[in-house]
Amino acid sequence: MKFQPIDQFATTLAPEKRQSVYGGTKATHEKRTKLLAAQFAEPDHLRRLAGEIKQHAIENLDTLLPLAEERLKAGGAQVHWAVDAEAARRQVLAILQRRGATRLVKAKTMVSEEIELAPFLESHGIECLETDLGEFIIQIDHDHPSHIVRPIIHKNRREIAVSFEKNGLGAYNDEPEVITRRAREFMRKKYLAADVGMTGANFVVAESGRLVVVTNEGNSRFSLAATKCHIALVGIEKIVPRDRDLALFLNLLARSATAQQLTVYTEFIQGPKAAGQPDGPEEMHVIFVDNGRTEVLASECREILRCIRCGACMNVCPVYRQVSGHAYRSVYPGPVGAVLSPLLAGEHFLDKADLPKASSLCGACNEVCPVNIPISDLLLRLRDKGKREGAPSPGLPPMGPWALLASQPLVWKAALFCGRMLDHVPGALIPVPAFHAWTGCRTLPKWRGGEFRKWLRVRKK
Amino acid sequence: MMTIERKPPLGKKVQLMATCLCDAFYDDAAVATVQVLEHLGLTVEFPQAQTCCGQPAFNAGDWAASRRVARHMVRTFKGELPVIVPSSSCAAMVFHGSLLAFEHEPDLPAVEQLARRTWELADFIVHGLGVTTWPGRFDAAIAFHRSCHTRGSNSAEAAATLMRSIPGVNLVEFGEAEQCCGFGGTFSVSFPHISEAMGRLKLQHLRAAQPQVLVGVDTSCLMHLSGLAEKEGQPVKHLHVVQVLRDALKNGGLL
Ligand code: SF4
Chain S
1 MKFQPIDQFA TTLAPEKRQS VYGGTKATHE KRTKLLAAQF AEPDHLRRLA
51 GEIKQHAIEN LDTLLPLAEE RLKAGGAQVH WAVDAEAARR QVLAILQRRG
101 ATRLVKAKTM VSEEIELAPF LESHGIECLE TDLGEFIIQI DHDHPSHIVR
151 PIIHKNRREI AVSFEKNGLG AYNDEPEVIT RRAREFMRKK YLAADVGMTG
201 ANFVVAESGR LVVVTNEGNS RFSLAATKCH IALVGIEKIV PRDRDLALFL
251 NLLARSATAQ QLTVYTEFIQ GPKAAGQPDG PEEMHVIFVD NGRTEVLASE
301 CREILRCIRC GACMNVCPVY RQVSGHAYRS VYPGPVGAVL SPLLAGEHFL
351 DKADLPKASS LCGACNEVCP VNIPISDLLL RLRDKGKREG APSPGLPPMG
401 PWALLASQPL VWKAALFCGR MLDHVPGALI PVPAFHAWTG CRTLPKWRGG
451 EFRKWLRVRK K
Chain G
1 MMTIERKPPL GKKVQLMATC LCDAFYDDAA VATVQVLEHL GLTVEFPQAQ
51 TCCGQPAFNA GDWAASRRVA RHMVRTFKGE LPVIVPSSSC AAMVFHGSLL
101 AFEHEPDLPA VEQLARRTWE LADFIVHGLG VTTWPGRFDA AIAFHRSCHT
151 RGSNSAEAAA TLMRSIPGVN LVEFGEAEQC CGFGGTFSVS FPHISEAMGR
201 LKLQHLRAAQ PQVLVGVDTS CLMHLSGLAE KEGQPVKHLH VVQVLRDALK
251 NGGLL
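Listed in order, the protein sequences are those of chains S and G. Using our numbering, the letters of the first sequence map in sequence onto residues 1 to 461. Using our numbering, the letters of the second sequence map in sequence onto residues 1 to 255.
Chain G on its own, in the form it takes in the complex:
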């Protein structure tokens, strides 16, 4: 959800907010983000002090704790450079969630300043840079899960546009595509039974479409869905959209 006007990016340098999940589990998605941004001619800066966006505490209702993390993030990502996040959820935390949490705080302007230059990756490529087609090759039937934090933003449409343009990609349709997968951050562990039921429903729809790869813009949803599938003994191949973009470049000999 967007609640703030964003500045168009200037210059050739960006900062990367890799997200805590990439830091802990999905390093290749972060690597792919760097490779893809560099392919686009950008210089990527990685502020070493970064940790998390604060969303777990925010969702859990501990806004004081989430503000502590958000303040750290504001300090870490100083300056005017666009901040690129390979996650619609963490990006939305910066440009929507934190604005709520800081509504009555004196340092709201600093949070807004960061919000105005923070982008989800696919949205940045398509709407920030104006790149709408992607070269290379990726031969697969892809089921694209539109995670819920793409609602009201341009991210899902941007990711789909890029993937559709890659030679070899076949985006398959599946039932109830707009429904939540049941991850929901802290919800996944505080409401595990409901979360599981929602995830199984999603998997059922996905499998019916017989994709070769499940792709998403958030590693969090992918971690939940693939974890469920693996526990069932029927693992699903899953990739972050940026891994598809990177692999397409590789397959096309462009990287």
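This is chain S alone, in the form it adopts within the complex:
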């Protein structure tokens, strides 16, 4: 029998990995829910408000982006626009080459994953070091992140200890403190030797040109303190209109992402080092990356651009918990990824058209999203788009003939009667894959087609 790729993937996932993912996501989700309920009278009001502000922002990018550019430039930053991944990579490389830089230290940015920056830079002789601990472990393991906030949620500390040992970072020791200390010692030297520091941005405020970067490890702050040049890679949807909006978004982001009241480090960056300031990069570049976002904005799924990448939707998602992020074959996994990845794939949409189907449409994601994105509606819209564009749907009978049946009452009644056969024909002879997919793990109740209608008739007499 042919199964959907993600369902197939689930059958190959090691139980240990599933346990890591399930345990990690469940714990964070539960803490998040408790924290929000304990600290806010109406968390849902906040989610709705944040959603409205973000919706306003993405619908007004045509005025907010130029405003941000103007303010950033006034603060001394240089602003670049990248229409696609290729343009963004080239712009980063050009900045590095102009400075004769060969060593880059990098804080966590999903956009850099999206544009596959690190392999590109390495092929041009640039050393590119991930400084977020999770991303660092991914890097030395030649693995891929499986979660947008916790890239190594699929790994346990024993696996990490093994890869540290393999990479010459000390003899096997799986104490988290030891692992962290070793990574820190290794990185400190790298920071000091680095030429350029790279970050993403969680928010860019249009009215002030203020970049906001949140981390829990302080690694972005280190990158900025140790290097002379700062490059920020920013998706164009990261805009919020006003500084005061940050109060709402920072409160929601940390709680939704990691069940913290506030991330440990919250940096507000308004340009390179100013005259009279002792430290900081002397040069700052902000690269606004489009890479398909304008098309998403033009689509019927534009609400997904509100996303602030908190990961709450994957933490609560029962499918993600069973399959892990790698099942989604994308930089963005889980519910948000099932919407965003096929859209960002552009002309390769059909390669990812199965992702929106990997959902029972339970709607748990809708209830946690801090910007109130109607994720399950968007999944449905993409299923419709997939169907119209000819995406295959293995495992399902064609719905056209079924709809014909279900719109002709007489045929329907006849079918209710004929369904009785199900109880008598040996299952093996039924040529419907969906039937076998059902009965592979479940029994089917006894067919009672038409019995209710009979009861009504008899009663009338």
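Please note: incorrect hints may appear among the correct ones.
To be verified - When the alpha-carbon atoms are kept at most 20 Å apart in a straight line, the in silico SDA-like pairs for lysine to any residue are as follows:
no., chain 1, residue 1, chain 2, residue 2
1, S, Lys34, G, Glu173
2, S, Lys387, S, Pro398
3, S, Lys26, G, Gly175
4, S, Lys413, S, Pro426
Claimed, not checked - Derived Cβ-Cβ restraints for the label pairs, each shown as a range:
no., chain 1, residue 1, chain 2, residue 2, range
5, S, Pro401, G, Gly233, 33 to 39 Å
6, S, Lys446, G, Glu232, 16 to 22 Å
7, S, Leu444, G, Lys250, 27 to 33 Å
8, G, Arg207, S, Asp84, 51 to 57 Å
Stated by the list, open to error - Residues on chain S that point at chain G, a partial pick, calculated with CB under 7 Å:
no., residue
9, Thr11
10, Ala14
11, Phe40
12, Tyr172
13, Leu361
14, Arg383
15, Gly386
16, Gly395
17, Met399
18, Gly400
19, Trp412
20, Arg442
21, Pro445
22, Glu451
23, Leu456
What the hints contain is simulated information worked out from the structure, not anything from laboratory work. All C-beta atoms in this analysis are idealised placements derived from N, C-alpha and C, irrespective of residue type, glycine included.
Given the structure of chain S, go ahead and fit chain G with the ligand onto it with the hints provided.
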């Protein structure tokens, strides 16, 4: 999920949308729906031409096919009477799903007209009729599965309110109650392995609470969970909430 304002019900007559699963497998849940509505003093009309709400095609992404079925439903349930559905999922298809599928269609107003008078059964009893307690008797420890289509609607809370008020009912708590059981309509057959894993997790939590009966507002989730349990050789007793209401009346000599 509710996206449309509903009209309060007027008069003493309703239409019943029995759902395709009751038509094919769960006739007693449909019978109980009629009995319960009649006990509440209502006259129940059953439009014979009814089939399905169109959700299987809608979920599968074949919106053209789902609109064909939805149009048939609109034609079948003409008029102004409230339409009562013993399923949160099929009800949500009418008042939410179809509105999405018809967004760009000229006959959207007709679909909206139906959406405004369609109710999930427990929601109708509690919020449409204002009935918040249920008489009779039902002696059992009940695990109540809140199916996902009750999210953002009043249905789960309504069903729980009614059951809690029945003498003899003990609603037991269980772990991860708000998590999906893994049915998901077409998902159950196109992603059978994930669906099974989700269902087993749900069963594990349910069994830990040691209920005597598993109760839900959707026969679909019940069919999935009980089918899994039976295949394991450990069947679970399961009832639709309307069967509990009806049996309570019977046990109390009220029917
Ligand atoms: S879609 Fe919502 S819940 Fe998911 S990552 Fe984005 S902001 Fe967070």
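Now the hints, each set against the structure:
Only pairs whose Cα atoms come within 20 Å are accepted, and Lys34 (chain S) paired with Glu173 (chain G) is accepted, the gap being roughly 18 Å. The suggested pairing of Lys387 (chain S) with Pro398 (chain S) holds, with an alpha-carbon distance near 11 Å, which does not exceed 20 Å. Between the alpha carbons of Lys26 (chain S) and Gly175 (chain G) the distance comes to roughly 12 Å, so the proposed pair stays at or under 20 Å and holds. Distance check on the hinted pair: Lys413 (chain S) and Pro426 (chain S) sit about 23 Å apart at the alpha-carbon level, beyond 20 Å; violated.
Checking the proposed 33 to 39 Å range against Pro401 (chain S) and Gly233 (chain G) shows it holds: the Cβ atoms sit about 36 Å from each other. Taken as a hint, the range 16 to 22 Å holds for the pair Lys446 (chain S) and Glu232 (chain G), whose Cβ atoms sit roughly 18 Å apart. Between Leu444 (chain S) and Lys250 (chain G) the C-beta distance comes to about 28 Å, which sits within the given range of 27 to 33 Å. In this structure, Arg207 (chain G) and Asp84 (chain S) meet the distance hint of 51 to 57 Å, their C-beta atoms being roughly 52 Å apart.
A hinted interface residue such as Thr11 (chain S) counts as satisfied when its beta carbon comes closer than 7 Å to some beta carbon of chain G; here the least separation is about 5 Å, so the hint holds. Taking 7 Å as the C-beta cut-off, the interface hint given for Ala14 (chain S) is violated, the closest approach to chain G being about 14 Å. Hint status for Phe40 (chain S) relative to chain G: violated, with the closest Cβ pair at about 19 Å, above 7 Å. Here the hint on Tyr172 (chain S) is broken, as its CB sits about 33 Å from the closest CB of chain G, past 7 Å.
With 7 Å as the threshold, the beta carbon of Leu361 (chain S) comes within range of chain G, its nearest partner Cβ sitting at about 6 Å, so the hint holds. For Arg383 (chain S), the interface hint holds, since its Cβ comes within 7 Å of a Cβ in chain G; the closest pair sits about 3 Å apart. A hinted interface residue such as Gly386 (chain S) counts as satisfied when its beta carbon comes closer than 7 Å to some beta carbon of chain G; here the least separation is about 6 Å, so the hint holds. Residue-level restraint check for Gly395 (chain S) holds (minimum Cβ-Cβ distance to chain G is 4 Å; threshold 7 Å).
For Met399 (chain S), the interface hint holds, since its Cβ comes within 7 Å of a Cβ in chain G; the closest pair sits about 4 Å apart. A hinted interface residue such as Gly400 (chain S) counts as satisfied when its beta carbon comes closer than 7 Å to some beta carbon of chain G; here the least separation is about 5 Å, so the hint holds. The interface hint given for Trp412 (chain S) is met, as the beta carbon of that residue sits about 5 Å from the closest beta carbon of chain G, less than 7 Å. Interface restraint check: Arg442 (chain S) against chain G, minimum CB-CB distance 3 Å, threshold 7 Å, status holds.
The interface hint given for Pro445 (chain S) holds, since its Cβ lies 5 Å from the closest Cβ of chain G, which is under the 7 Å cut-off. A cut of 7 Å between beta carbons decides the hint on Glu451 (chain S): the least distance to chain G is about 4 Å, and the hint holds. Nearest Cβ of chain G to the Cβ of Leu456 (chain S): about 6 Å, under the 7 Å cut. The hint holds.
Going through the hint list in order, the structure does not satisfy hints 4, 10, 11, 12.
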